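J.: Residue-level listing of the chains:
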Amino acid sequence: RSGEMAKSTQLIDNEVFRAYATYTAIILLKMMLMSLITAYYRLTRKAFVNPEDIASFGKGDSAKKYLRTDPDVERVRRGHLNDLENIVPFVGIGLLYALSGAELSTALLHFRIFTGARILHTFAYLMPLPQPGRGLSWAVGYAVTFSMAYRVLKTVLLL
Amino acid sequence: RSGEMAKSTQLIDNEVFRAYATYTAIILLKMMLMSLITAYYRLTRKAFVNPEDIASFGKGDSAKKYLRTDPDVERVRRGHLNDLENIVPFVGIGLLYALSGAELSTALLHFRIFTGARILHTFAYLMPLPQPGRGLSWAVGYAVTFSMAYRVLKTVLLL
Amino acid sequence: RSGEMAKSTQLIDNEVFRAYATYTAIILLKMMLMSLITAYYRLTRKAFVNPEDIASFGKGDSAKKYLRTDPDVERVRRGHLNDLENIVPFVGIGLLYALSGAELSTALLHFRIFTGARILHTFAYLMPLPQPGRGLSWAVGYAVTFSMAYRVLKTVLLL
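Chains as they are written, first to last, in the UniProt record's numbering: chain Z, 1 to 159; chain X, 1 to 159; chain Y, 1 to 159.
Some hints could be false.
Stated by the list, open to error - Here chain Y is said to cover these stretches of chain Z; the calculated rule only asks that three of the stretch's residues, wherever they fall, bring their Cβ under 8 Å from a Cβ of chain Y: (1) 90-98; (2) 126-136; (3) 139-153.
Unchecked claim - Heads up, simulated BS3-like pairs for lysine-lysine below, C-alpha to C-alpha not over 25 Å straight-line: (4) Z:Lys30 / X:Lys154; (5) Z:Lys46 / Z:Lys65; (6) X:Lys65 / X:Lys46; (7) X:Lys64 / X:Lys46; (8) Y:Lys154 / X:Lys30; (9) Z:Lys46 / Z:Lys59; (10) Z:Lys154 / Y:Lys30; (11) Z:Lys46 / Z:Lys64; (12) Y:Lys65 / Y:Lys46.
No wet-lab data here; the hints were simulated from the structure. Fair warning: this is a prediction, and the values are worked out from it, not measured in the lab. Quick reminder that beta carbons are idealized off the backbone N, C-alpha and C, glycines included.
Next comes chain Z alone, as it looks inside the complex (with noise of 0.2 Å):
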């Protein structure tokens, strides 16, 4: 059993996967903050869209009003689902880079680069930013993502 322990550590002990499993749990708290955001929009603009989440209003048309679209809850539930869109490439190609014996500059560069695009599409939707913030900020990400898959082809090609 030692020499199991020994192996699942090293992997973690490799510097690029270290740096990998840094900004993909930065990046999916990230992701995961956005039901938070929907959860507070929800609450403080009375928008909600399931029967049972308002049934502390009351019953009747006085409660049901309450059923309905709010344009910020909007706003953010499609930031969430961009997120979905373009943060499960990054963390399923990531891996694959992080194990493909990539440099730890590059690397390092790659994450950086695709948290930091991220973080500001987040920004640029929520606030929102006039365009292109938000377009820019999603192309940025989805180069980087699309750069480390052509390093992992390139590396491993097995069809």
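Using the hints provided, position chains X and Y relative to the given structure of chain Z.
T.: Same frame as chain Z, now just chains X and Y:
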């Protein structure tokens, strides 16, 4: 090649990783079940979204009435999206956590509570249970993922 | 450090893992392509959702008409969400499967069928092909993921 094979099986021989693999497979299968439940409600409620999906019901206005939203279908879809928003962070952060040298008993506690909470969340959403049933089950899963992320960042931080 | 580097490259030297990395990168790139197709339809159909996205079209009611939903845009978005719902389980379960000591030929069969089925699914959704084209391609990908999950649970089960 025997060296490679030995290497590739060692990760899966690690008990914390095996526990992670078990609960990740279970919770992803649970998430996949949402697709079948959506399909079940679409077929029984006759509520579709794509014109090509109702071609077998005939042409014209008699079939077009099945292009509609249904509260039960929408409810399952919200549950499915909530799964994506919460299970993706669990799978990503849980992998890093499993590789960070966590104790088996602590890891099992995290994985079991998360999996139980998400199964409860699905029941609470689909029945539906009165609040705060769904809210609490969501919060428990969220807290477990946050706890694993904290442990990962404390162990591996390399910015 | 040379020991670490050797360790980190060994996983990627394993052929089953290389096959997993190849098909995961390809299918995640395919999913990312959905963002570009959505953007293409939004721009050509002039159908946007955020007020800041139409600022360049001028102010007032003349620009507001571009804040609308378009059937083609919504179709791509549904395909994108279906990708998330199905590719996330493949990436997660596929990783565990690749590490569970599967045979290379069996693993390649799973990865190739899944990737082919999901590419077909996208064509079936976007053209669109008559049903059951899209339904079948969805079911094939679903069954492949289920088969890998079964193998993972049979191999590693630790509850």
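J.: For every hint, state whether the structure bears it out.
T.: These are the hints, each one checked on the structure:
1. 90-98: Result for this restraint: holds, n = 4.
2. 126-136: holds (count 5)
3. 139-153: holds (count 6)
4. Z:Lys30 / X:Lys154: The given pair, whose Cα atoms are some 17 Å apart, holds under the 25 Å limit.
5. Z:Lys46 / Z:Lys65: 9 Å, holds
6. X:Lys65 / X:Lys46: 9 Å, holds
7. X:Lys64 / X:Lys46: Holds, because 11 Å separates the two Cα atoms, which is no more than 25 Å.
8. Y:Lys154 / X:Lys30: 17 Å, holds
9. Z:Lys46 / Z:Lys59: The given pair, whose Cα atoms are some 15 Å apart, holds under the 25 Å limit.
10. Z:Lys154 / Y:Lys30: 17 Å, holds
11. Z:Lys46 / Z:Lys64: 11 Å, holds
12. Y:Lys65 / Y:Lys46: The given pair, whose Cα atoms are some 9 Å apart, holds under the 25 Å limit.
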